[in-house]
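*Asks:* Protein sequences appear in the order of chains C and S. Residue numbering for the first sequence follows numbering that gives the first Met the number 0, beginning at 0 and increasing consecutively. Residue numbering for the second sequence follows numbering that gives the first Met the number 0, beginning at 0 and increasing consecutively.
Errors might be hidden in some of the hints.
[What the hints assert, rightly or not] Estimated spans, in silico, between C-beta atoms of each pair:
{"id": "1", "chain 1": "S", "residue 1": "G123", "chain 2": "C", "residue 2": "G173", "range": "50 to 56 Å"}
{"id": "2", "chain 1": "C", "residue 1": "K31", "chain 2": "S", "residue 2": "G495", "range": "54 to 60 Å"}
{"id": "3", "chain 1": "C", "residue 1": "K31", "chain 2": "S", "residue 2": "G432", "range": "39 to 45 Å"}
Quick caveat, the hints were computed from the structure, so don't treat them as lab data. Glycine residues also receive a C-beta, built at the ideal position from the N, C-alpha and C atoms.
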Amino acid sequence: MSAVLSQNTAAPKAQRSEGVWAASWRRMRADKVGMVCMTIVALFLLLVIASGSGLVAKNWQKEVGVPNAPPTLMGPAPAEATGTIAMPKGPNVDLSDIDPLAPRYKEWDERAKQFKTEEVVKSETLPFGGDRLGRDVLAKVIKGAEVSIMVGVLAAVVATIIGTVLGAISGFFGGKVGDFLEWLYNVFTAIPGILLIFAFAVIFGRGVLSVVMILGLAGWPGIYRLIRAEFMKHSVREYVRSAEAIGASKTSRMFKHILPNVSHVALVQLSLHVVGFIKSEVILSYLGLGVGVDQVSWGTMLAESQSELILGYWWQLAAVTGFMAIFVTAFALFTDALRDALDPKLRGLE
Amino acid sequence: MLLSIQDLKVAFRMGKIDGQMQRQLAVKGVSFDIPENSTVALVGESGSGKSVTAMSILNLLPSNAEREGKILFQGRDLLRTSLPELQGVRGREIACVFQDPMTSLNPVFTVADQIMEPLIKHMGMSRRQALVRAEELLNEVGIPEPKRRLKAYPHEMSGGQQQRVMIAVALACSPKLLIADEPTTALDVTIQRQVMELMAKLKDTHKMSMLFISHDLGVVGEISDQVVVMRHGQIREKAPVAEIFKNPQDSYTKALLACRPSLTENPARLMVIDDHIAGRAARAEGKAKDPNAPVILEVRGLKKSFFFKEGLFGKKEFKAVKGVNFQLKKGYTLGVVGESGSGKTTMGLTLLRLHEPTGGEVLFEGKDLLKMSGNDWQKMRRRIQVVFQNPYASLNPRFTIGQTLVEPMEIHGIGASHSERLATASALLKKVGLDDTALNKYPHEFSGGQRQRIAIARCLTLNPEVLVLDEAVSALDVSVQAQVLNLLKDLQDEFGLSYIFISHDLAVVKFISDEVLVMQNGDVVEQADTAALLAAPKQEYTRRLLGAVPRGYQEEAAAQASAA
Numbered sequence: 000m001s002a003v004l005s006q007n008t009a010a011p012k013a014q015r016s017e018g019v020w021a022a023s024w025r026r027m028r029a030d031k032v033g034m035v036c037m038t039i040v041a042l043f044l045l046l047v048i049a050s051g052s053g054l055v056a057k058n059w060q061k062e063v064g065v066p067n068a069p070p071t072l073m074g075p076a077p078a079e080a081t082g083t084i085a086m087p088k089g090p091n092v093d094l095s096d097i098d099p100l101a102p103r104y105k106e107w108d109e110r111a112k113q114f115k116t117e118e119v120v121k122s123e124t125l126p127f128g129g130d131r132l133g134r135d136v137l138a139k140v141i142k143g144a145e146v147s148i149m150v151g152v153l154a155a156v157v158a159t160i161i162g163t164v165l166g167a168i169s170g171f172f173g174g175k176v177g178d179f180l181e182w183l184y185n186v187f188t189a190i191p192g193i194l195l196i197f198a199f200a201v202i203f204g205r206g207v208l209s210v211v212m213i214l215g216l217a218g219w220p221g222i223y224r225l226i227r228a229e230f231m232k233h234s235v236r237e238y239v240r241s242a243e244a245i246g247a248s249k250t251s252r253m254f255k256h257i258l259p260n261v262s263h264v265a266l267v268q269l270s271l272h273v274v275g276f277i278k279s280e281v282i283l284s285y286l287g288l289g290v291g292v293d294q295v296s297w298g299t300m301l302a303e304s305q306s307e308l309i310l311g312y313w314w315q316l317a318a319v320t321g322f323m324a325i326f327v328t329a330f331a332l333f334t335d336a337l338r339d340a341l342d343p344k345l346r347g348l349e
Numbered sequence: 000m001l002l003s004i005q006d007l008k009v010a011f012r013m014g015k016i017d018g019q020m021q022r023q024l025a026v027k028g029v030s031f032d033i034p035e036n037s038t039v040a041l042v043g044e045s046g047s048g049k050s051v052t053a054m055s056i057l058n059l060l061p062s063n064a065e066r067e068g069k070i071l072f073q074g075r076d077l078l079r080t081s082l083p084e085l086q087g088v089r090g091r092e093i094a095c096v097f098q099d100p101m102t103s104l105n106p107v108f109t110v111a112d113q114i115m116e117p118l119i120k121h122m123g124m125s126r127r128q129a130l131v132r133a134e135e136l137l138n139e140v141g142i143p144e145p146k147r148r149l150k151a152y153p154h155e156m157s158g159g160q161q162q163r164v165m166i167a168v169a170l171a172c173s174p175k176l177l178i179a180d181e182p183t184t185a186l187d188v189t190i191q192r193q194v195m196e197l198m199a200k201l202k203d204t205h206k207m208s209m210l211f212i213s214h215d216l217g218v219v220g221e222i223s224d225q226v227v228v229m230r231h232g233q234i235r236e237k238a239p240v241a242e243i244f245k246n247p248q249d250s251y252t253k254a255l256l257a258c259r260p261s262l263t264e265n266p267a268r269l270m271v272i273d274d275h276i277a278g279r280a281a282r283a284e285g286k287a288k289d290p291n292a293p294v295i296l297e298v299r300g301l302k303k304s305f306f307f308k309e310g311l312f313g314k315k316e317f318k319a320v321k322g323v324n325f326q327l328k329k330g331y332t333l334g335v336v337g338e339s340g341s342g343k344t345t346m347g348l349t350l351l352r353l354h355e356p357t358g359g360e361v362l363f364e365g366k367d368l369l370k371m372s373g374n375d376w377q378k379m380r381r382r383i384q385v386v387f388q389n390p391y392a393s394l395n396p397r398f399t400i401g402q403t404l405v406e407p408m409e410i411h412g413i414g415a416s417h418s419e420r421l422a423t424a425s426a427l428l429k430k431v432g433l434d435d436t437a438l439n440k441y442p443h444e445f446s447g448g449q450r451q452r453i454a455i456a457r458c459l460t461l462n463p464e465v466l467v468l469d470e471a472v473s474a475l476d477v478s479v480q481a482q483v484l485n486l487l488k489d490l491q492d493e494f495g496l497s498y499i500f501i502s503h504d505l506a507v508v509k510f511i512s513d514e515v516l517v518m519q520n521g522d523v524v525e526q527a528d529t530a531a532l533l534a535a536p537k538q539e540y541t542r543r544l545l546g547a548v549p550r551g552y553q554e555e556a557a558a559q560a561s562a563a
């Protein structure tokens, strides 16, 4: 047969094929909501990078305003007339002949010149307001975004990788391996979630990477379960059978054939978990098990704003929730659009 | 006139591009009448708009459909009735039976619940009355022990019985019109025959009309009075059934009639639609087979059992294949026929070790395939390949056709570079009647027939010597089926391939096979040359399979029916 074929093996037309990713990108571009959300997510990620490299919000710890400076762009209101007794305007009475310290004033002035004092003018108001120490809330929320987004995304990636790999193995092989992983899953789900997180927190200590590992290790079971079900369903489909018939190895069938077909499940789970983990980080930081005391995250800011709110200082809460709501919504919609773009319509299958 | 469709147009909104609404016209001005007490058949390939036409009668279309024209049912225009009024008509006066009985019955309700629902809703019966009526209906559609089966859930019944239940649900309120949308396409030929006979009988006893939709003129000829042939959303021909079969006017109708393999004729190639419309004759004789060809595959006592857990430690054995023996010569085709559940597919998959066999030997050039391990088996794999039944499920939806075709060559190291493999792939695509542009497309962009060609091309990339075709044409329209069958014959002549052709349809098996194996409940009940088997079937079971093949319109049968 190869002899027959070699006669007409003229190279196929040079026309370049539209790859999987190019086609997905074309579908993605048609989705307006998805594109807007992608831009927002990209801007947030740029912000995270900028703040990480010290371009913005480097001096977030500096106390630039008066404590609890109210948010406004108009500047402080003019001071009201207080109605006290007018100050006398004439020159001071000369007391130098009877002042025992008078001869030393000059010397003191000389000595004082050797030191420089800088009078910091603390602003009465800030664009986004200030916290109880007078730190700029805008700089704080940007720095907090860096920590929170990094924790949320990295932890979700860790959880998704663990869940997907274990789910794939369990769903594809089944049998003893599947039984063992199911047992592991049961152990993890039998322990109340928050308790599990605390247990890991005790082992890992404080810090950003610790929080990532804690949340990742405690958050995979849900993803594992869904991926396992998908693999069980797909591993008996005819396209996987026919891959087996041409001699494709088990790894190739699991990760090259089935995984792209279930990737939308993993992607949606990833986005849901990013949102969930940002919230978990809040809880951990609130309880003092999260990021270090010298760091700031959306979680620590929310914890602070709780007591501020009682005193009527609402601006820190507003800034954090605003940033968080925009990012989380955009991220969820973006993952949705991504799923649609990556899915070449499984007609006749689903 | 019970129902009159006048100049019906149906368009689907396909979303906006540049602010301009895109519409796809699926039905382009169709008019026909359904008289009282008669059966009208709508025939056409998939995509011809026949189902859309039928579903627009009751407005069971997706929400992006727009209908235009007139549908008069007993003088009322159904396009202009309100939804509550239409809901009163649905099930009460016009009822539907759909293609796939497995999905059109609700799996969480018992049979009784599903039959009682329309009775309680439309006829105002109490539950007790409805239960009595449901039992009568089950009895009428020929389900044994109706009282016991009322409590059954759909999954406890076979496909044929499920379709009978669907018919019982449709008949519950004695409708005046029954719309049957490909009611037998998902069924085996023998079950198809039973369901068709049942529907014809019920039509007479209930004095109702029927709109019967099918892609197979052979089926339609046996049941209908009037035939409407549709293609691309337009009517090509409408005439009484005798006219259609004796004196078809339209070239498309003629082509549809010619492309179904029949039991009586023995052409080397089947007519396909394009040939017929272009006025070409089907190509002449194929290559004669070499009677001294070597035996390439020998199967001895092949067995496969499945084990179910029973109790705590017990196992229950189910023997799916109980010892199959055959020899396959190089360049020959072995047909395997049987109803679903006869073990024919399990047998085919066991040959390829997609199921691990329980016992027996499969000798490929003297070496036992079943005892091979690891590397030897991987090398042997390329020489024996399989094409699956459902072309929609057997291609990976995430792979382009190029990736799908190149992958097997990569695994087995055929071809030196990616570009060389791509060249082979495009050469094979040409061989199966597709062109290079297909390489960059995804499976969902192709029709069922094209996908099956791609699946065949994928097998050919490995230069196999034996192909197992597992119901490879059963899911296709008759017209497409003819093209694929021709292709298979051409490839066999060119490359000397040997086929194991598994099917439930004896007419198709007869067209392609040299020898036939008839299977029932895991046993081989008859095994003979194709010609000998057809001339003198020894087993009752084989005769039943033969009798079930649709024969189209038969004058004698029609005469008998009218006399009776």
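*Asks:* Against the range 54 to 60 Å, how does the distance between the Cβ atoms of K31(C) and G495(S) compare: consistent or not?
*Replies:* Holds: the Cβ-Cβ distance is about 57 Å, inside 54 to 60 Å.
*Asks:* Could you check the hint for me, namely that G123(S) and G173(C) are 50 to 56 Å apart, CB to CB?
*Replies:* Cβ of G123(S) to Cβ of G173(C): about 52 Å, so the range 50 to 56 Å holds.
*Asks:* Does 39 to 45 Å hold as the CB distance between K31(C) and G432(S), or does it fail?
*Replies:* 40 Å, holds
Of the numbered hints stated above, none is contradicted by the structure.
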